[in-house]
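Quick note on this note's numbering: the sequence shown kicks off at 1 and runs consecutively.
Calculated directly from the structure, the hints in this document are not laboratory data.
From the three backbone atoms N, C-alpha and C, an ideal C-beta is built for every residue, glycine too.
Among the hints, a few may not be true.
[Claimed, not checked] Taking lysine-lysine and the DSBU-like style, the derived pairs with C-alpha atoms no more than 35 angstroms apart in a straight line are:
| hint | residue 1 | residue 2 |
| --- | --- | --- |
| 1 | K310 | K297 |
| 2 | K53 | K330 |
| 3 | K340 | K88 |
| 4 | K647 | K512 |
| 5 | K335 | K310 |
| 6 | K512 | K88 |
| 7 | K512 | K340 |
[Unchecked claim] Here are the computed distance ranges between Cβ atoms for each label pair:
| hint | residue 1 | residue 2 | range |
| --- | --- | --- | --- |
| 8 | D336 | K88 | 22 to 32 angstroms |
| 9 | D199 | P287 | 54 to 64 angstroms |
| 10 | W342 | E230 | 25 to 35 angstroms |
| 11 | E618 | D567 | 22 to 32 angstroms |
| 12 | R622 | L93 | 25 to 35 angstroms |
| 13 | D567 | L93 | 46 to 56 angstroms |
| 14 | G266 | G384 | 24 to 34 angstroms |
| 15 | A50 | L93 | 23 to 33 angstroms |
| 16 | E661 | L93 | 48 to 58 angstroms |
| 17 | E478 | K340 | 29 to 39 angstroms |
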Amino acid sequence: MPSRRDLANAVRILSADAVQKAKSGHPGAPMGMADIAEVLWNDFLKHNPANPKWADRDRFVLSNGHGSMLVYSLLHLSGYDLSMDEIKRFRQLHSKTPGHPEYGYAPGVETTTGPLGQGITNAVGMALAEKVLAGTFNRDGHHIVDHYTYVFLGDGCLMEGISHEACSLAGTLGLGKLIAFYDDNGISIDGHVEGWFTDDTPKRFEAYGWHVVRNVDGHDSEAIRKAIMEARSVNDKPSMICCKTVIGFGAPNLCGSHDCHGAPLGDEELKATRANLEWKYEPFVIPDEIYAGWSAKDKGNKAESAWRDKFAKYQAAFPDLAAEFQRRMKGDLPKDWAAKAWDFINTVNSKGETIATRKASQNAITGYAPLLPELIGGSADLAGSNLTMYSGSKPVSRTVSDGNYIYYGVREFGMSAIMNGMSLHGGFIPYGGTFLMFSEYARNAVRMAALMKVQSIFVYTHDSIGLGEDGPTHQPVEQVATLRYIPNMSLWRPCDAVESAVAWKYAVDRRKGPAALIFSRQNLKHQTRTDAQLKNIARGGYTLVDCDGTPQAILIATGSEVQLAVDAAKVLSEKGRKVRVVSMPATDVFDAQDAAYRESVLPKNVRARVAVEAGVSEYWRRYVGLDGAVIGMDSFGESAPAGDLFKHFGFTVEKVVEATEAVMGQR
1 MPSRRDLANA VRILSADAVQ KAKSGHPGAP MGMADIAEVL WNDFLKHNPA
51 NPKWADRDRF VLSNGHGSML VYSLLHLSGY DLSMDEIKRF RQLHSKTPGH
101 PEYGYAPGVE TTTGPLGQGI TNAVGMALAE KVLAGTFNRD GHHIVDHYTY
151 VFLGDGCLME GISHEACSLA GTLGLGKLIA FYDDNGISID GHVEGWFTDD
201 TPKRFEAYGW HVVRNVDGHD SEAIRKAIME ARSVNDKPSM ICCKTVIGFG
251 APNLCGSHDC HGAPLGDEEL KATRANLEWK YEPFVIPDEI YAGWSAKDKG
301 NKAESAWRDK FAKYQAAFPD LAAEFQRRMK GDLPKDWAAK AWDFINTVNS
351 KGETIATRKA SQNAITGYAP LLPELIGGSA DLAGSNLTMY SGSKPVSRTV
401 SDGNYIYYGV REFGMSAIMN GMSLHGGFIP YGGTFLMFSE YARNAVRMAA
451 LMKVQSIFVY THDSIGLGED GPTHQPVEQV ATLRYIPNMS LWRPCDAVES
501 AVAWKYAVDR RKGPAALIFS RQNLKHQTRT DAQLKNIARG GYTLVDCDGT
551 PQAILIATGS EVQLAVDAAK VLSEKGRKVR VVSMPATDVF DAQDAAYRES
601 VLPKNVRARV AVEAGVSEYW RRYVGLDGAV IGMDSFGESA PAGDLFKHFG
651 FTVEKVVEAT EAVMGQR
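Produce the entire structure from the sequences given, and follow the hints as far as they go.
Okay, structure coming up:
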């Protein structure tokens, strides 16, 4: 039977070989953390390579994702469907082993990491999901949700501000099933970190309310095992295990140096490393006894089989709960969801209320949440402004684990990445709110949701200069456009309560990507629609007001500016002009419609077009063309009442009429 060090050395050499073959990568972290990984994966991690999606598996997150060959080596050696050919194709086009771990490529990779700090934050979301699922479904004698979230992280993750946001909240919520391993090797890309990172990390995490295991020798298997046992014995706090390691452990000339952080070792150093570690095998050759020592197949099958027996007893005792748990973990929506959601939309339409769309959003949450027990909300300390809470909200806390609402505090970035972690974990549809302006703080986590194709619903209120006196620091100008530019992001800016309800339904239905829902602070007038128009809202853009025959001009608008376009069309109609108004709450959804529908709304032969949106104007050139006009924002806002601002920046009926007549005259 191979020794622990032999098993760890297999990870070291395989990782270094793959980086060398790719001629790029980061061998230092996999080589430095191999001993920690060997103890965790072989002695503690509950997982089944034959079923990477087993609901009660432990989650493993490599937050320092540049060390991706560590997780690929672990997955390959322990028996996942990740072949040696894929290891050899590390960092190559369309391989399952991209440069940073990417969710959806290799089985067993729980999240996309690389942007430092987001992995630990995703892990907080996963641990939070475990806590809430356990509080919701477990019963005395029947603990069907009972797993850990383990995360590896390094100095870079701890330097990123998001780690403070997430780890502070994790301590407050008492996430006792979260265990982090700090790879304290003293090295980052620029060299020895004492020149720029001298934090007392153990004290920092103790201040957060974490249990801290200090000064663990990251190359001593027994010390690592004892540290993990200690961490697992603490149930009311997350744990941080601080491991002293040597980056590039085993490389005789480069270990302990930033030279092995982000570059291949080189042929000569790799040869010397083999000799130093007494590894006698050629590149990409793993002996059978090493595979046998690493294999988790039998152990994983037994663990999942034991859980299935436990679940069968739970199912017999609580059949309804068991069915609901299975539905949620599969990601299926309730069978009656679609019909009841449309009933709600029809009710909203019949009421015809003139309200702020942020209030309409709250009404939609109130209407939909009883139909969707998986919906879990929150806000970055703006619940009273975002209106993300409703009468059925139950806050999660250290002592309350069966809630459906999270007070994130002023942590927009952390909130967004935690939401991604909850979505990745399964069993939840997370939503979280802040002001649209502060989506900037969260931008990279929002992008990661789109990249990973996970369902996170970002609720952004106070959507334009219409928020008024708070001024340009809080008035978004470019944010709607730049969010639209994120691939796989669906963005909705509804014009009234009805479009808001449809937007929320779309976000819930969208299982393979995030949605950004953009809502107003100010009241917006209800728009009258036919049944056909009501159905066409879900197509992202539709004709709201039309004329007889072919229009001479088309006005396109979103959000609060739709009413402005409607009023301008009325004036133009009275002047004998034939004008159509198109409401386009979701440009990405409209663009995805078939060509015939898009032509029916925006016929190519009508080139006189005016777009109206209180955001940067350049985005709308794609719809109005060079012959059209855009009434938008090409500067920052000002501090003043909303009405004064709209007039000052040209969002008036007169300006829209003037622009429309001008483009019609160009034809």
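Against the structure, the hints:
Between K310 and K297 the CA atoms are separated by roughly 20 angstroms; this keeps the pair inside 35 angstroms, and the hint holds. Our distance criterion of 35 angstroms between C-alpha atoms is met by K53 and K330, whose separation comes to about 10 angstroms. At most 35 angstroms may separate the alpha-carbon atoms for a hinted pair to count; K340 and K88 exceed this at roughly 51 angstroms. Under the criterion of a C-alpha separation no larger than 35 angstroms, the hint pairing K647 with K512 is inconsistent with the structure, at around 40 angstroms.
With a CA separation close to 27 angstroms, the supplied pair K335 and K310 stays within the 35 angstroms bound. Distance restraint check for K512 and K88: the Cα-Cα separation of roughly 30 angstroms lies within the 35 angstroms cut-off, and the hinted pair is therefore satisfied. Restraint check for K512 and K340: satisfied, since their Cα atoms lie roughly 22 angstroms apart, inside the 35 angstroms limit. Look at D336 against K88: about 50 angstroms separates their beta carbons, and that is not inside 22 to 32 angstroms.
The given range of 54 to 64 angstroms is broken by D199 and P287, whose C-beta atoms sit roughly 42 angstroms from each other. Checked against the hint of 25 to 35 angstroms, the C-beta distance between W342 and E230 comes to roughly 54 angstroms, which is inconsistent with it. As the Cβ distance of E618 to D567 is approximately 25 angstroms, the hint placing it in 22 to 32 angstroms holds. In this structure, R622 and L93 meet the distance hint of 25 to 35 angstroms, their C-beta atoms being roughly 30 angstroms apart.
In this structure the supplied range 46 to 56 angstroms holds for D567 paired with L93, their Cβ-Cβ distance being about 53 angstroms. For the hinted restraint 24 to 34 angstroms between G266 and G384, the CB-CB distance of approximately 59 angstroms leaves it violated. As the Cβ distance of A50 to L93 is approximately 28 angstroms, the hint placing it in 23 to 33 angstroms holds. With their beta carbons about 53 angstroms apart, E661 and L93 fall inside the hinted range of 48 to 58 angstroms.
Between E478 and K340 the C-beta distance comes to about 37 angstroms, which sits within the given range of 29 to 39 angstroms.
Checked against the numbered hints above, the structure breaks hints 3, 4, 8, 9, 10 and 14 and satisfies the rest.
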